[in-house]
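**Student:** Residues per chain, in single letters:
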Amino acid sequence: MGEVDMSNAVEVTAPMASSDAARETKFHTRGVQVFYGEKQALFDVDLDIYENEVTALIGPSGCGKSTYLRTLNRMNDTIDICRVKGKIELDGTDVYSDKIDVVHLRARVGMVFQKPNPFPKSIYENIAYGPRIHGIATGKEDIDQIVEESLTKASLWNEVKDRLDEPGTGLSGGQQQRLCIARAIAVQPEVILMDEPCSALDPIATARIEELIDELRDNFTIVIVTHSMQQAARVSQRTAFFHLGDLVEVGETGKIFTTPQDQRTQDYITGRFG
Amino acid sequence: MTDAVMTDVQTPDQMRRDRAARASNAVRRSLKKRYAAEARFRAYGIGAVGLALACIVVLFSTIISSGLPAFTQSAITLNVELKQDVIDPEGTRDKSTLINANYRKLVFDTLLAEFPEVTGRRDKRALTAILSSGAAFQVQQLVTSDPSLIGQTLELSLPVAADFDLYNKGVINKGTAESDRRVSDQQMAWFDTLKERGIIESELNTTFFTNADSREPELAGILGAAMGSLFTMLVTLALSFPIGVCAAVYLEEFAPKNRLTQIIEVNINNLAAVPSIVFGLLGLAVFINFFGLPRSAPLVGGMVLALMTLPTIIIASRAALKAVPPSIREAALGLGASRMQVVTHHVLPLAMPGILTGTIIGMAQALGETAPLLMIGMVAFIVDIPGGITDPATVLPVQVYLWADSPERAFVARTSAAIMILLTFLILMNALAVLLRKKFERRW
Ligand SMILES: Nc1ncnc2c1ncn2[C@@H]1O[C@H](COP(=O)(O)OP(=O)(O)OP(=O)(O)O)[C@@H](O)[C@H]1O
Ligand SMILES: [Mg+2]
Chain W
1 MGEVDMSNAV
11 EVTAPMASSD
21 AARETKFHTR
31 GVQVFYGEKQ
41 ALFDVDLDIY
51 ENEVTALIGP
61 SGCGKSTYLR
71 TLNRMNDTID
81 ICRVKGKIEL
91 DGTDVYSDKI
101 DVVHLRARVG
111 MVFQKPNPFP
121 KSIYENIAYG
131 PRIHGIATGK
141 EDIDQIVEES
151 LTKASLWNEV
161 KDRLDEPGTG
171 LSGGQQQRLC
181 IARAIAVQPE
191 VILMDEPCSA
201 LDPIATARIE
211 ELIDELRDNF
221 TIVIVTHSMQ
231 QAARVSQRTA
241 FFHLGDLVEV
251 GETGKIFTTP
261 QDQRTQDYIT
271 GRFG
Chain Y
275 MTDAVMTDVQ
285 TPDQMRRDRA
295 ARASNAVRRS
305 LKKRYAAEAR
315 FRAYGIGAVG
325 LALACIVVLF
335 STIISSGLPA
345 FTQSAITLNV
355 ELKQDVIDPE
365 GTRDKSTLIN
375 ANYRKLVFDT
385 LLAEFPEVTG
395 RRDKRALTAI
405 LSSGAAFQVQ
415 QLVTSDPSLI
425 GQTLELSLPV
435 AADFDLYNKG
445 VINKGTAESD
455 RRVSDQQMAW
465 FDTLKERGII
475 ESELNTTFFT
485 NADSREPELA
495 GILGAAMGSL
505 FTMLVTLALS
515 FPIGVCAAVY
525 LEEFAPKNRL
535 TQIIEVNINN
545 LAAVPSIVFG
555 LLGLAVFINF
565 FGLPRSAPLV
575 GGMVLALMTL
585 PTIIIASRAA
595 LKAVPPSIRE
605 AALGLGASRM
615 QVVTHHVLPL
625 AMPGILTGTI
635 IGMAQALGET
645 APLLMIGMVA
655 FIVDIPGGIT
665 DPATVLPVQV
675 YLWADSPERA
685 FVARTSAAIM
695 ILLTFLILMN
705 ALAVLLRKKF
715 ERRW
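Each protein sequence line maps, in turn, to chains W and Y. Everything in the first sequence is counted per the working numbering, starting at 1 for the first residue and increasing by one. Everything in the second sequence is counted per the working numbering, starting at 275 for the first residue and increasing by one.
Because the hints were derived from the structure by calculation, they are not lab data. Small disclaimer: the values here were computed from a predicted structure and weren't measured. Do not take every clue at face value.
[As the list claims (entries may be wrong)] Beyond 10 Å from chain Y on every Cβ pair, some chain W residues (computed):
1. Asp44
2. Asn52
3. Glu53
4. Pro60
5. Gly92
6. Asp94
7. Arg106
8. Lys115
9. Glu159
10. Cys180
11. Asp202
12. Glu211
13. Asn219
[What the hints assert, rightly or not] Here are the simulated PhoX-like pairs of lysine-lysine, each with C-alpha atoms no more than 20 Å apart in a straight line:
14. Lys85(W) to Lys39(W)
15. Lys357(Y) to Lys379(Y)
16. Lys39(W) to Lys531(Y)
17. Lys713(Y) to Lys121(W)
18. Lys379(Y) to Lys369(Y)
19. Lys140(W) to Lys161(W)
20. Lys443(Y) to Lys121(W)
21. Lys115(W) to Lys99(W)
22. Lys469(Y) to Lys443(Y)
For every residue, glycine included, the Cβ atom is placed at its ideal position computed from N, Cα and C.
Generate coordinates for the entire structure from the input sequences, incorporating the hints supplied.
**Tutor:** Right under this line is the structure:
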């Protein structure tokens, strides 16, 4: 049963999820194709992302995980040669339609990047920036509160509460990444996209971020790209395996790692390629 | 099978060792060559830097040594009696009377009184030539500003004519034949006598810093040209900085990358290479002849120089914008900042030091530019200090050009002095650029 049709894969795996009926679909994507100029990077990806769950995207390098992730908040718009086709719905509304403003979309769907990229401003300003531009908070007290809350949620508050005025770029790599997560949380998004958030971090910092992701699941929907199988297994409820621009298989994380349906998935998770 | 192969029967192990030995030998041989190349390259580098430094030292020392005399000016101290019957015989203290009074006679008489033995008309004229025509003007200024001085005797320090100033400085001396110099033996003798009496002294040439141009070298100053340069630069800055930065931001952050923007880009680079005199011609044709803006004015000069500075600012600003890491833009976009907010909140502040450096370098170029200003009439002889951007004016480099072109011997030193002032401004501006870069340099 080496070649399973991927639409089958979705159907096969979906019922395996535990409390399927209770889950709300956050992102509903069908037939997503992405082109960089002439080159096609994604072929007909059908994937649902459920609310208050962590969905992990795994696959060998260059298979289109980041590309898929970036279609969800239209970050691909910033690449001139990039074209996106297919249906990508957030709560039933197509994100590429006129009904959704891209600025508003990105406020609802936050993003944490592979490399920590704090603004070269103070820690406080890093967090306060988002709420301020969106008008979520106006008074100094409101913003103070958001800063404290976000940093606490990102489990960074205790480390930085005495030096909020120092530049965010002066923190350690792991702290910077948590700062970026706090910054994403501060605008109170519905979904947080994370593109290999731990790839630049040591095991201890990684463990803290993984814990954090698990806590954040209560309030946010999270999509995480990772190269670490263990990480995907630890933090995610559902896992999607990409290969050469195809979504090969998606399902409950436990199932994907124990009984993969597709030969390619099996080869990848057992380390035969990738 | 050839001979070579036949004899080369080796075990694989031998072959490997052989190859390693050969490689190591080759590396050793090439090392020597590489080090020699490095040493040679370093020598060229040091030589080039040394040559450049030597040129700068020669340049600066010639300019400074020939310019320094211009900063002192010989003055003669005379007790001038401000006679009521010469200045204002009717005692009306009327303004026009005071202005038009014969102050020349007053100062000349005072000087003549020093040499009672000089009587002939000709001799008298030769003697009074020691005084600058600015002497009478200085007394006039004094009296008109404070008429109550009339009737008093004041000890005044009055400027000496440029030729005698040069004689005092030793530039003109008895070494040349009398007919070849502008100071006669007799005049030299008088001057020496005055010197012996201790009333000739060399003082700081404040006139040079407070006056505009003049036909008389001892009355010529740099302030007019400096103000002209200032107004011109203000116009240039006010036009080229906002336009240049906006153009750079648009091209770098907003414009789609297509044929049209490529053509624009190439043309901006071309514009930077256009000879400056062409901009002068353009300014003459468009700003003066078509729009009828005033000739010789800093307004037009500044507009022309702005055209010239624009490409420099645009290119520098684009480079600075490009240098802002894309991760900062992504971070802001990912938070839901609009493109405009990304630019104004994050990219521009980070690019500002580079933009400012480029702007200052562009302004420094503009400050030293002469050719385009010649085309729009800023080469005129202007004795008034300009008070605004529409007043006729000249600028520092044009002043240098004018003085260098002047036949008067005394302008030689003043030319160098003007160059010194110009260079001082340029060095200050470049230092400011370095400082700004250092100060705002940020790591991310
Ligand atoms: N900006 C771009 N321009 C052109 N091609 C791109 C661009 N970004 C990605 N690609 C191509 O799209 C394909 C998918 O890239 P993507 O970055 O999504 O891979 P990935 O799965 O995230 O890989 P990795 O795990 O290495 O990050 C690759 O073949 C890549 O070469
Ligand atoms: Mg990637």
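**Student:** All hints, please: hold or fail.
**Tutor:** Do the hints match the structure? See the list:
| no. | hint | result |
| --- | --- | --- |
| 1 | Asp44 | 26 Å, holds |
| 2 | Asn52 | 21 Å, holds |
| 3 | Glu53 | 21 Å, holds |
| 4 | Pro60 | 24 Å, holds |
| 5 | Gly92 | 21 Å, holds |
| 6 | Asp94 | 18 Å, holds |
| 7 | Arg106 | 4 Å, violated |
| 8 | Lys115 | 6 Å, violated |
| 9 | Glu159 | 21 Å, holds |
| 10 | Cys180 | 7 Å, violated |
| 11 | Asp202 | 21 Å, holds |
| 12 | Glu211 | 23 Å, holds |
| 13 | Asn219 | 18 Å, holds |
| 14 | Lys85(W) to Lys39(W) | 13 Å, holds |
| 15 | Lys357(Y) to Lys379(Y) | 11 Å, holds |
| 16 | Lys39(W) to Lys531(Y) | 19 Å, holds |
| 17 | Lys713(Y) to Lys121(W) | 16 Å, holds |
| 18 | Lys379(Y) to Lys369(Y) | 19 Å, holds |
| 19 | Lys140(W) to Lys161(W) | 16 Å, holds |
| 20 | Lys443(Y) to Lys121(W) | 61 Å, violated |
| 21 | Lys115(W) to Lys99(W) | 32 Å, violated |
| 22 | Lys469(Y) to Lys443(Y) | 12 Å, holds |
Comparing the model with each earlier hint shows violations of hints 7, 8, 10, 20, 21; every other hint is respected.
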